[in-house]
Amino acid sequence: MIDWSHHLIIAPILLPLMAAALLLFIDERQRVAKAMISLGSTLLLAAVSLVLFRIESGPNGFDGVYLLGNWAAPFGIVLVLDGLSALMLLLTAVLAIAALVYSLARWHAVGAHFHTMFQLLLMGLNGAFLTGDLFNLFVFFEVMLAASYGLLLHGSGPLRVKAGMHYIAVNLAAALLFLIGVSLIYGTAGTLNMADLAARIPQIEPDRRMLMEAGVGVLGIAFLIKAGMWPLCFWLPTAYSAASAPVAGIFAILSKLGIYIILRLTMLLFGDGPSAGFGSSVLLYGGMATLIFGTIGVLASQALGRLAGFSVLVSSGTLLMVLGINDGAISSGALLYLVSSTLTISAFFMLIELVERGQDAGAHVLAVTMEAYGDAEEDEPEEGDGVTMPGTMAILGTCFAACGLLLSGLPPLSGFVAKFAMLSAMMGTGAIGVPPTAAVWVLIILVILSGVAALISMTRAGIRTFWSSIEGTVPRVLVIEIVPVMFLLALTLVLTVRAEPAMQYMDATIRTLSNPRIYIDAVRNTAVVESPDAGIISDGKGD
Amino acid sequence: MEIILSIAIGVMTSCGVWLILRPRTYQVIIGLSLLSYAVNLFIFGVGGVKTNVPPILSDDVAISTLADPVPQALVLTAIVIGFATTALFLVVLLASRGLTGTDHVDGRSDPK
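As you go down the protein sequences, you meet chains Z and R in turn.
The opening position of the first sequence corresponds to residue 1 in full-length UniProt numbering, with each subsequent residue numbered one higher.
The opening position of the second sequence corresponds to residue 1 in full-length UniProt numbering, with each subsequent residue numbered one higher.
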């Protein structure tokens with residue numbers, strides 16, 4: 001008999017799946033009912049994620065292996081919940097609440113099946129964070145991608161369809177690479193279970209290991225496309241800035257999914273043993289190139305949407321570089337940076353739409369730039385009813401300033417804390433005390449420069465938006481639109497105030513990750529449930 | 001048998017790669033389809049190419065002659081997912097054609 005809370009592990013997948021299925025049966029005109037179901041499911045998801053997170057951060061440690069269908073690990077499918085996946089689940093749920101509430105103001109009504117696709121996106125994301133084998137990773141990845149295609153196109157218009165087409169073509173090609181990688185790994189190692197694979201790597205003969213590494217390399221490219229590593233990232237700023245605001249808000253986590261999987265696989269498969277350090281130089285130099293490209297992009301962006309899109313690249317580049325170094329103390333700072341930057345970028349995408357609403361679309365952007373990125377007017381949805389925010393400009397300006405501080409990594413918000421944690425670990429003033437090498441110096445300089453670039457760009461955009469437009473009309477902003485943005489920014493404030501427990505959690509997570517035996521043994525030693533009744537009793541409680 | 005299979009995968013992959021680099025949306029989708037056929041055959045091939053052997057373990061079948069059932073299951077899933085996403089992509093192509101009036105991947109009209 002397993003504890004009931006153990007069945008909660010599968011809830012983040014089942015809950016959005018059932019909500020999505022239920023939503024399909026409801027007519028599109030019953031918007032309130034659809035919105036309520038979607039919101040209810042997302043809130044419940046957040047509650048479940050919080051419970052899982054609390055269990056995982058508690059003293060019990062690592063016991064989150066869930067055998068689906070009650071088959072032992074290498075043969076059946078497993079879900080694995082550890083500190084990293086619990087963190088990502090919680091982050092997804094938080095972003096989902098913010099994006100969903102934001103969309104209720106008007107975006108959810110501009111096209112069909114917004115809520116269904118939104119729930120399926122959550123299901124795909126949660127599944128990918130939880131799964132313990134590579135093929136299910138592919139399946140959940142595809143579920144997430146299929147939903148994201150629909151969401152990116154939500155709201156339609158030539159710009160979105162064009163960006164969506166490129167996005168879909170790139171991701172379909174990436175999915176094929178994913179399959180090639182998975183099948184090469186299966187062909188050489190004979191398993192797709194991540195833990196089993198990690199345990200088998202030392203036993204693979206050298207000639208086969210080369211083929212296996214090639215497979216992992218091909219697989220890695222699929223995730224690097226998702227994470228947006230240069231030169232695989234040219235689709236990203238266009239796609240993200242073309243998406244409607246709440247969709248871009250939740251898309252902020254999609255590139256982090258690529259980062260998550262790369263982190264998970266490199267730590268698990270190449271932590272030690274004969275293939276140790278495989279691919280780390282690619283991550284390091286690729287990350288540097290991405291960061292440089294993203295920084296130049298941030299400086300060059302005229303439109304706010306592009307600026308946010310390139311900020312995604314800056315964040316990805318920073319994280320990839322840190323993964324390339326693969327050092328415990330730096331990685332835990334990077335995890336904090338991951339959380340902080342995801343919250344920031346999500347809030348920023350949603351804020352941009354509010355800020356730009358009051359402006360003449362082309363007024364502050366050079367006409368040439370507009371032509372280059374498509375100059376067609378979009379069909380903006382009708383403004384909904386509701387309470388308008390008082391003192392709109394003041395609040396928007398404050399949120400904008402907070403985003404600027406977070407993106408550039410200035411005190412007092414969590415962007416600073418995260419960057420400080422990373423940089424101090426790199427400088428060797430942290431726990432390890434190793435003087436930095438030349439590559440690390442380059443890295444430190446790049447991270448600082450990217451912060452400066454973000455500061456310059458945000459200041460320039462802020463002055464242009466809030467100070468120079470005297471006769472500009474004040475945008476009509478609804479309370480339920482600005483509250484999600486403030487909620488995400490408030491979370492970064494919480495992250496700042498509670499930086500110490502947060503860092504402790506990240507440290508513990510990285511420590512567990514850097515010892516792959518913990519993961520491998522946990523998955524391999526989980527016994528099947530003996531009593532046939534246990535499964536039946538738990539069915540009702542699990543979901 | 002292996003030679004024929006490898007040549008088929010190689011030819012389809014090269015045609016597919018060439019086609020997805022073309023500027024017309026129709027060529028891109030045919031290229032993606034060809035690539036996915038090649039990948040499906042590839043997945044099928046990693047289990048070892050065997051004919052006329054069952055994937056089911058029973059007493060009168062030696063394990064060395066058994067066909068590996070896992071790649072077959074994988075390829076089935078991959079076909080279904082590939083089919084669904086290709087259909088979705090087709091819809092987007094049509095929408096793009098309707099909105100821009102051209103089947104160029106960037107929505108540009110023909111320079112000719």
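For the record, the hints were derived by calculation from the structure and aren't laboratory data.
Predicted model, so just to flag it, every value in this text is computed and none were measured.
The reader is advised that the hints may include incorrect statements.
Part of the chain Z face toward chain R, derived, beta carbon under 7 Å [to be verified]:
| no. | residue |
| --- | --- |
| 1 | Leu159 |
| 2 | Val161 |
| 3 | Ile168 |
| 4 | Leu172 |
| 5 | Ala174 |
| 6 | Ser183 |
| 7 | Phe487 |
Computed Cβ-Cβ distance ranges for the label pairs, DEER-style [claimed, not checked]:
| no. | chain 1 | residue 1 | chain 2 | residue 2 | range |
| --- | --- | --- | --- | --- | --- |
| 8 | R | Leu76 | Z | Ala47 | 32 to 38 Å |
| 9 | R | Asp60 | Z | Leu22 | 45 to 51 Å |
| 10 | Z | Gly428 | R | Ala73 | 25 to 31 Å |
| 11 | Z | Leu211 | R | Val17 | 18 to 24 Å |
Chain Z is nowhere near these chain R residues, computed Cβ spacing over 10 Å in every case [claimed, not checked]:
| no. | residue |
| --- | --- |
| 12 | Glu2 |
| 13 | Leu5 |
| 14 | Gly10 |
| 15 | Val11 |
| 16 | Ser14 |
| 17 | Trp18 |
| 18 | Pro23 |
| 19 | Tyr26 |
| 20 | Ser36 |
| 21 | Pro54 |
| 22 | Ala62 |
| 23 | Leu66 |
| 24 | Ala78 |
Glycine included, C-beta positions come from ideal geometry on N, C-alpha and C.
Hints and how they fare:
1. Leu159: Nearest chain R Cβ about 9 Å off; hint violated.
2. Val161: holds, 5 Å
3. Ile168: With a closest approach of 5 Å, the isoleucine 168/Z hint holds.
4. Leu172: Leucine 172/Z check passes; min Cβ-Cβ to chain R is 5 Å, inside 7 Å.
5. Ala174: Violated: closest Cβ of chain R sits about 11 Å from alanine 174/Z, beyond 7 Å.
6. Ser183: holds, 4 Å
7. Phe487: Cβ of phenylalanine 487/Z sits 33 Å from chain R, so the hint is violated.
8. Leu76/R x Ala47/Z: 32 to 38 Å: At 36 Å between Cβs, range holds.
9. Asp60/R x Leu22/Z: 45 to 51 Å: Roughly 49 Å apart at Cβ, these two residues keep to the hinted range, so it holds.
10. Gly428/Z x Ala73/R: 25 to 31 Å: Since the Cβ atoms of glycine 428/Z and alanine 73/R sit about 50 Å apart, the hinted range of 25 to 31 Å is violated.
11. Leu211/Z x Val17/R: 18 to 24 Å: holds, 21 Å
12. Glu2: holds, 13 Å
13. Leu5: Per Cβ check, leucine 5/R is outside 10 Å of chain Z; nearest 14 Å; holds.
14. Gly10: holds, 13 Å
15. Val11: holds, 16 Å
16. Ser14: holds, 14 Å
17. Trp18: Holds: least Cβ distance 13 Å, greater than 10 Å.
18. Pro23: The claim holds: proline 23/R sits with its nearest Cβ about 12 Å from chain Z, beyond 10 Å.
19. Tyr26: The claim stands: tyrosine 26/R keeps its Cβ more than 10 Å from every Cβ of chain Z (closest is about 12 Å).
20. Ser36: violated, 6 Å
21. Pro54: holds, 19 Å
22. Ala62: holds, 18 Å
23. Leu66: holds, 13 Å
24. Ala78: violated, 5 Å
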